Amino acid sequence: MIEMKEAQVTYDGNCGIRNVSLCFRPGEIIGLFGENGAGKSTLLNAILGYVSLSHGEITLDGKSIKRKDMTRISFATSEHTLFPQLTTDEHKAFFKSFFPRFSDERYDLLMKFFGLPKNKKYREMSTGQQNQLETIFALSQGAEYVLLDEPFAGNDIFNREDFYKVLLGILEPTECLIISTHLIEEIKNFVGRVVLLKKSEIVGDKTCEELDEEGKDLISWMREIYKYDENRAANVIRGFQKEKEK
Amino acid sequence: MSFWRIIKSRVIAVAAGIVLIFISLRIVYVNFAGIMRIAIEELYQFDDVLEKLVLGSNTIMVPINDLLQRAGVIPLMFIAFFAASIMPVIFIMKDYYETKSICTFMRLPVSKTFYYLDKLFPPVLLLGAFWFMLLGTVSAMARLYIREVPAEKLPPDVRMTLWRYSSARLLYPFEDPSHIPAALSLIILVPAVVILFVLAERSKKRGIFSGVIACTGVAAILIHLLNLPASTWVVPSITAIVLSVGIWHINRVQIT
Numbered sequence: 001m002i003e004m005k006e007a008q009v010t011y012d013g014n015c016g017i018r019n020v021s022l023c024f025r026p027g028e029i030i031g032l033f034g035e036n037g038a039g040k041s042t043l044l045n046a047i048l049g050y051v052s053l054s055h056g057e058i059t060l061d062g063k064s065i066k067r068k069d070m071t072r073i074s075f076a077t078s079e080h081t082l083f084p085q086l087t088t089d090e091h092k093a094f095f096k097s098f099f100p101r102f103s104d105e106r107y108d109l110l111m112k113f114f115g116l117p118k119n120k121k122y123r124e125m126s127t128g129q130q131n132q133l134e135t136i137f138a139l140s141q142g143a144e145y146v147l148l149d150e151p152f153a154g155n156d157i158f159n160r161e162d163f164y165k166v167l168l169g170i171l172e173p174t175e176c177l178i179i180s181t182h183l184i185e186e187i188k189n190f191v192g193r194v195v196l197l198k199k200s201e202i203v204g205d206k207t208c209e210e211l212d213e214e215g216k217d218l219i220s221w222m223r224e225i226y227k228y229d230e231n232r233a234a235n236v237i238r239g240f241q242k243e244k245e246k
Numbered sequence: 247m248s249f250w251r252i253i254k255s256r257v258i259a260v261a262a263g264i265v266l267i268f269i270s271l272r273i274v275y276v277n278f279a280g281i282m283r284i285a286i287e288e289l290y291q292f293d294d295v296l297e298k299l300v301l302g303s304n305t306i307m308v309p310i311n312d313l314l315q316r317a318g319v320i321p322l323m324f325i326a327f328f329a330a331s332i333m334p335v336i337f338i339m340k341d342y343y344e345t346k347s348i349c350t351f352m353r354l355p356v357s358k359t360f361y362y363l364d365k366l367f368p369p370v371l372l373l374g375a376f377w378f379m380l381l382g383t384v385s386a387m388a389r390l391y392i393r394e395v396p397a398e399k400l401p402p403d404v405r406m407t408l409w410r411y412s413s414a415r416l417l418y419p420f421e422d423p424s425h426i427p428a429a430l431s432l433i434i435l436v437p438a439v440v441i442l443f444v445l446a447e448r449s450k451k452r453g454i455f456s457g458v459i460a461c462t463g464v465a466a467i468l469i470h471l472l473n474l475p476a477s478t479w480v481v482p483s484i485t486a487i488v489l490s491v492g493i494w495h496i497n498r499v500q501i502t
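Protein chains in written order, with my numbering: chain S, 1 to 246; chain Z, 247 to 502.
By construction, these hints were calculated from the structure, which means they are not laboratory data.
No experiment lies behind these values; they were computed from the predicted model shown.
We treat Cβ as the ideally placed atom computed from N, Cα and C, and that holds for glycine.
Treat each hint with caution, since some may be false.
[Unchecked claim] Quick list of the computed label-pair ranges, beta carbon to beta carbon: (1) S:Glu-214 to Z:Val-356: 45 to 51 Å; (2) Z:Val-458 to S:Arg-238: 55 to 61 Å; (3) Z:Val-356 to S:Lys-63: 16 to 22 Å; (4) Z:Lys-451 to S:Arg-25: 42 to 48 Å; (5) S:Pro-173 to Z:Val-356: 28 to 34 Å; (6) Z:Tyr-343 to S:Asp-61: 35 to 41 Å; (7) Z:Ile-320 to S:Arg-123: 36 to 42 Å; (8) Z:Ile-253 to S:Glu-214: 52 to 58 Å; (9) Z:Val-356 to S:Ile-225: 48 to 54 Å; (10) Z:Ile-253 to S:Ala-233: 53 to 59 Å; (11) S:Arg-123 to Z:Leu-471: 40 to 46 Å.
[Stated by the list, open to error] Selected chain S positions facing chain Z (Cβ under 8 Å, derived; list incomplete): (12) Cys-15; (13) Leu-48; (14) Met-70.
Turn these sequences into a full structure, and let the hints steer you where they fit.
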């Protein structure tokens, strides 16, 4: 279990995340939502150790996360973090040498699903393909905790929807998947738990069962949490028309 | 295979650097030989009685250290150190800007020290090769000088002059062996200081301590260049500190 206790990350005096206390358990599929700058990426980066905590702690099974634990945590982002000069197959060899539990079967299946070329260099791929490849490696690494940060930027809707279906079919019951995305509508039926972030803090954390019990759907709950003003767009248009009339 | 592809650019850069050093040293050697021959010609004067060139009684041979300086050894030393220092900057920045592959390196289940060594090793190797090749070239120049200069005009203690007074003493303090550890440390210190500056810059405010240590590294280099007596212990000690702080920084301070 990954546990964050009062985790805080500070960038030049501003909080990236503030007092975040969360647990990510094996077998969970968690959606991490929030507006731009809410702290979604910072939260994932803190787990990976890319950013240092200014307060609090993050543990894996009760112990602080060490280098060797990186075999148990994988990560994919749309920021293109692979090696430009390597081909897909060379990346595979590289990952296999560091991650002994690398799954060839899952890699082959996902490569086939996305139709990615095996001998093309990373730098020669399109943005969408680069993101797909990162996601493939994160899922094939053999990690127990898979962190995906906006993994589907540059991918079309059909690819995304089919990917979730494939993912549900291949995930092991003990794998924990944490997805940070803006595409709430697309993954609302896929995630089992939702964590909402606003201005660096956790403002909501519920499982889908809890939402069902309360008779709420994900979107309406989010609107409630974020105090979404349904008349916002109408007010803007009304104001614009009044200005025009004057 | 994939490892090879990842380190390929470093290997190519070191190999190309060694070839360039070899060519540059050949040019410096040929330059030295040319300047030396002109200096030897100037030792001769026309004798009206004998009607031929004879060694002038008032002429003296230019000392070897002056010839070395004129042949361009010092600029070559600075160019080699500058090029080797730029190398890790380019390699580290590539991991940030071409793609953010630094993130992949930083989440591998191995010590981050390997990343540091991967960036430190190529410039140290290059400077090590330069040290040996320059030593060979300067020694060959000394042999040529002793062989070509007429015995009557050959200054005494050519080798002592070479190792004690010329700019070569910065890297080859053979006449004062207590400076040898400092000279050898310089080969590691220069790239280690550059890497520490890059890491400090990447870490912004968190890198202030490392930046200060890198500055002490620069001070140690200056102490050696000025040939101050303290360089015998300052340069090796600061080298050890800069290396330790570099390894500490990459393992403990955020650079992504």
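Check each numbered hint against the structure and report the violated ones by number, ascending. 4, 9 and 12
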